[in-house]
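Residue numbers (numbering that gives the first Met the number 0), protein chains in the order written: chain G, 0 to 520; chain E, 0 to 586; chain Y, 0 to 103.
Treat the hints as calculated values from the structure; they're not laboratory data.
All values derive from a computational prediction rather than experimental measurement.
Be careful, since some hints might not be right.
Unchecked claim - Estimated spans, in silico, between C-beta atoms of each pair:
hint : chain 1 : residue 1 : chain 2 : residue 2 : range
1    : E       : 196       : Y       : 16        : 37 to 43 Å
2    : E       : 196       : G       : 32        : 56 to 62 Å
3    : E       : 584       : G       : 394       : 57 to 63 Å
4    : E       : 584       : Y       : 28        : 34 to 40 Å
5    : Y       : 74        : G       : 453       : 44 to 50 Å
6    : Y       : 93        : G       : 453       : 35 to 41 Å
7    : G       : 475       : E       : 511       : 48 to 54 Å
8    : G       : 442       : E       : 482       : 39 to 45 Å
Said to hold, decoys possible - Computed list of chain G residues with no C-beta within reach of chain Y, every gap over 12 Å:
hint : residue
9    : 95
10   : 190
11   : 203
12   : 383
13   : 438
14   : 441
The beta carbon of each residue, even a glycine, is placed where N, CA and C say it ideally should be.
What follows is each chain in one-letter form.
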Amino acid sequence: MSLAGIWVILIPLICGLAAFAVGGRSARVIGLIGAGLTFLLSGLLVLHVWQSGVWIYQLGGWDVPLGISLRADGLSAFLIGMTGAVGLGISLYAVRYFEDEDEALTPDPSPDPSAPLRTGAGRGGTEVWLPGTSYWPLWMLLWASLNVLFLSNDIFNLYVGLELLTLASVALIILQREQAAIVAGLRYLLAAFLGSMAYLLGVALIYADAGVLDLGLLADAELTGTATQVAGGLMAVGLLLKAALFPLHFWLPAAHSSAPAPVSAALSALVVKGAFYLLIRLWFEVFESAGTVSVEQMIGALGAVAIVVGSFQAIRQARLKLMIAYSTVAQVGYLFIMIPLAGSFGDPEASWRFEAWTGGLYHALSHGFAKASMFLAAGVLLSALGHDRVWHLAGSASRFPVIYLSFGIAGMSLMGLPPSAGFVGKWLMLRSAVESGQWWWVVILLVGGLLTAGYVAIVLSQAIQHDVEEHTEPHPVPKLMTVMVFALAAMSLLLGLRAAEPLELLEIGAPFQTLMSMVED
Amino acid sequence: MMLYLWLLVLATPLTLAFMIPFGGVVRRRAIDLMPFAAIPALIMALPREQTAVEVADWLLLGSSFGVDQTSQIFLLLTATLWTVAGFYARYYHADDADIHRFAFFFLLTMTGNLGLIVAMDIVTFYASFALMTFSAYGLVVHTRSAKALRAGKVYIVMAVIGEGFLLTGMFMAAYSAGSTQAEFIREGILDSQRSNLIIGCLLAGFGIKAGAIPLHVWLPLAHPVAPTAASAVLSGAMIKAGLLGWITFLPIGEAAMPGWGTLLVVISLIAAFSGVLIGLTQDDPKTLLAYSSISQMGFIATVVAVGLAEPRAWGVAAIGCALYALHHGLIKGALFLGVGVAHETGNDRNRQRLVLIGLTVVAIALAGAPLTTGALAKSALKEGVYIGPEGWSVWLDWLLPVAAIGTTVLMGRFIWLIWRHELGHVEHGQYRGMMIPWIILVGLAFPIVWLAPVWFQVDVSPAVAFEPGNLWTSTWPVLIGAAILGVIWWQIARTPREIAPIRIPAGDVLIPLEWALARIRPPEPDEVVPRPPDPVAALSASWYGLFAEAQQGSRTSRLEGWFLRWDVAGLLFLTIGMVLILFMLWR
Amino acid sequence: MSEFLIYALVAAALFAICLHGIITRRHILRKILALNMMGSAVFLLLITIAERNQVDGVADPVPHAMVLTGIVVAVSATAFALALARRYHAQTGHTELHDEDGST
């Protein structure tokens, strides 16, 4: 069990490679086995951290600072657990999703007029390109690199994880080889590399200052040198670009909305969290001494603008997937409001810092489940109706009641209504904002909820309208896909109903150790 | 153990609701079981002794459940009404192809309504309140008629505003109290530096639900357009959620707040009178009943105001409020359901007679004639008024009976409308299925209201209704009202004419507001946006444009398009990076 | 001016030039090249740090290891970007990255 942390990286990697080597239809089987095993191992790792505290593993038995270590504290376990659960849901959904896609592409090479939004590039060419077979190796690679990111305890290793994540994500976006996806993928790739380079320069500068790469040692060193300060700025901007914080979100809407549904879900729910995770990991451990209030307030301000602009753009979108993508832009804003709240504003020993930190992460968790559910729901509607135009969804609620129910539940979580998980995160952040006297964040947190209600309501109210148009019989939707959409939405609700354990998990090995006893009272 | 019973109260309707989207047999079973969904709540409302508050640490941020004497009376009312309405709806919607949709929202709304009563902490309360509010939208727009959609729009706008007030108020209250448990909230509000802001937020937030003027505008639109069973619970049970919110969370009885008390008493008296007056001009009996609800809630709110102004009065006044709520909920529910039954009678004279007699009995009860539930409720309400602030009781002693005259006349007009226009209006052949739950409710309303104070051993005994003074004040307004009705009747019999020459459209003050808003509203999806030359219209057109563009398929605004450009984004990246580094260096 | 500072400044200048290239050059190949060179700038800095951190005349091995790994990552990333650029060219006929709204 104590080796679950190793296997949670190796298993998806091995299964990904195997799926790539085998190819064809068996790739799916291997991919599914990989997803199941990784999920189980993620669960074991969470259990292990829960029972025996922080887990540290020295790769090859070499001790730091010479060797490289893997480390799982409560935060890592929390995100690995989320990735495991969301990943399993996405995998099961993808089985049927790509089965459908591949079947539509395989038998008949002649153009199919009924699927205008899915014109595969391979159709006109000589080879038949089946996205399904390439999906599994790449998805496994993506999963493995996420776990690498969450477990690495070494800032350079984290860079490698970040690059792997980018490569896997871009490859997945262009899976269907549509022109829009290729353009979006290329833009994403270039933007993400730019972010990585800024990060890498930061790594070099920190090494110049400290001479070590291990996160634990860096945290103990309490760096305040000029090189570290510059590194802080560089790494922050690089990671903000990768996390698509406004106004560096330019690559996100196109990339997330033009990918196939299971990929969109993974990108919005998980990949964005990778960069976010890295930033807070660095900010509250490595840059704890070097960070300044002004930087934190600025990041928070960008987050606030992201909430308003992102939500407003989401309201304006005519296509459902773009709406959900812009909603991610807005929700990412919420995540970054945690930085000024948990940052060095006011009393550094105050308990509100830990509250905000927990609240932000809980928001990340709730967004993970809710957004995955939303993108998968949009995928169902897109493949069943042949379009995802928001203003033409009228009447579809009666045909896809579970899909819209799930969409509503997920929307509730994004709005932060109780009893959803989003509420718990928002509540903690609100409390922290009031306690620390940073009331300006209270306003934006509350306004953001109302704006979110705006676009969720547009979709739901359209869906329950009377059917005015003549609709063709919708393409049947496999039950498993519907069940997964619902399961992920239900998780975002259940995690709100039962928040005690996940919150306790976050305490294990968290920064602000001195503050936690005060929260307990 | 008790905890799980409380959870069962909520889990029953919630589970049934979640069964519905899955279709097939599961859906049919859920619809069949819909009337029984509130039975666990009904059982939990019966014990004489209230048990201690049960806390579920693992749920939300520590949910707690339980009832006190006041809220148990609300639970009794709510569970009874939802059960009766459930049976009624089962038949009312027997031929409705969309019955599953109705049942889904009905059950969710029920869960929320029951949840807010048994919740003993503000998070659970707020969650339930929000669930009830937003699910009820589905009930309001159920018929999808243009009228229903308009009512739905007004409803949801007001609801969102209300939620905003509530969230702000409750959040600040919980923060000040340092706890989410209801018992600490009142002190927390008083301790807070911003206690007036919190009280204002809570008064307004709950006031929207309780139909307090001028936040009532949604009510006369939404209550009547909903299917009849839903109207009954909206006007009977859900309107009381706002009242319960006031009673539970406002620090009434803890400290004297004469300012807020005076404000509320003025608003409530305006509501009590204007509800009657505007109600009289209505042609639709359901709209008339909705206005009557506004007026009746005004009666109750005056007593809440007394409690706000004079803490000593609150102990008795709270019981009075609860009993009045119980009376009004059951009677108003019976009146609404009766409208539906009247439609179903067809040309059968016996059926028509039965419906008219039943409706007349409950209408007289609402007017508060002696021996009826209304007489008891009004007497109980007055007990609180007597202890009220200096000078108030003199005025209230006068004004409330005068308003009761109005109620009597209003009920006369209601019976008239039913008799003349509504009997056998639309027939679905479901008379029996709808009549039986209705007649049971009519029959039960009297014993429930009379026995409740005895059974729950509250401080107010039913005997107050027979004290000579109270007997007299419950008699004379009804007599005067009856006399006015008699005069009108005589007039009409002599020369047939329009009785109420003025018509105030439902929604009253909303109408001018809507007219003003219509100038800046976003257009319907297919509307072409006009670009008129004058500046005001051009401004409103550009406001339109914000929404219109999206509907016509354009994806992003010009500004957003600019952000999406690679060179702009690169420059922003550079700028933000530089600023961050500078901020890092500049300590 | 110490030797270390000269190298570090050259690395910084290279990084800045590449940043300029990425933002202003439209041709995809130039953007990819700029990114690649950006990596080289960081590698130069790392090697300089290795030189500075030397103990008993032996350079610090950790930055060397980082550079080696970094090169591997850069190679694969560049290869992937080039392949993607080729496909982009094949499908759109463009060699420049056009923006969402159709403007360049």
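Cross-check of the supplied hints:
1. 196(E) - 16(Y): 37 to 43 Å: For residue 16(Y) against residue 196(E), whose Cβ atoms are near 56 Å apart, the range 37 to 43 Å is violated.
2. 196(E) - 32(G): 56 to 62 Å: Between residue 196(E) and residue 32(G), where Cβ atoms are some 58 Å apart, the hint holds.
3. 584(E) - 394(G): 57 to 63 Å: 59 Å, holds
4. 584(E) - 28(Y): 34 to 40 Å: Given about 36 Å between the Cβ atoms, the range holds.
5. 74(Y) - 453(G): 44 to 50 Å: Given about 47 Å between the Cβ atoms, the range holds.
6. 93(Y) - 453(G): 35 to 41 Å: At roughly 37 Å between Cβ atoms, residue 453(G) and residue 93(Y) fall inside 35 to 41 Å, so the hint holds.
7. 475(G) - 511(E): 48 to 54 Å: With Cβ atoms ~51 Å apart, the hint holds.
8. 442(G) - 482(E): 39 to 45 Å: 57 Å, violated
9. 95: At roughly 28 Å from the nearest Cβ of chain Y, residue 95(G) sits farther out than 12 Å, so the non-interface label holds.
10. 190: Label violated. Min Cβ-Cβ 9 Å, cutoff 12 Å.
11. 203: With a cut-off of 12 Å, residue 203(G) comes too close to chain Y, as the shortest Cβ separation is near 5 Å.
12. 383: 27 Å, holds
13. 438: At roughly 37 Å from the nearest Cβ of chain Y, residue 438(G) sits farther out than 12 Å, so the non-interface label holds.
14. 441: Given a closest Cβ separation of 35 Å, the condition holds.
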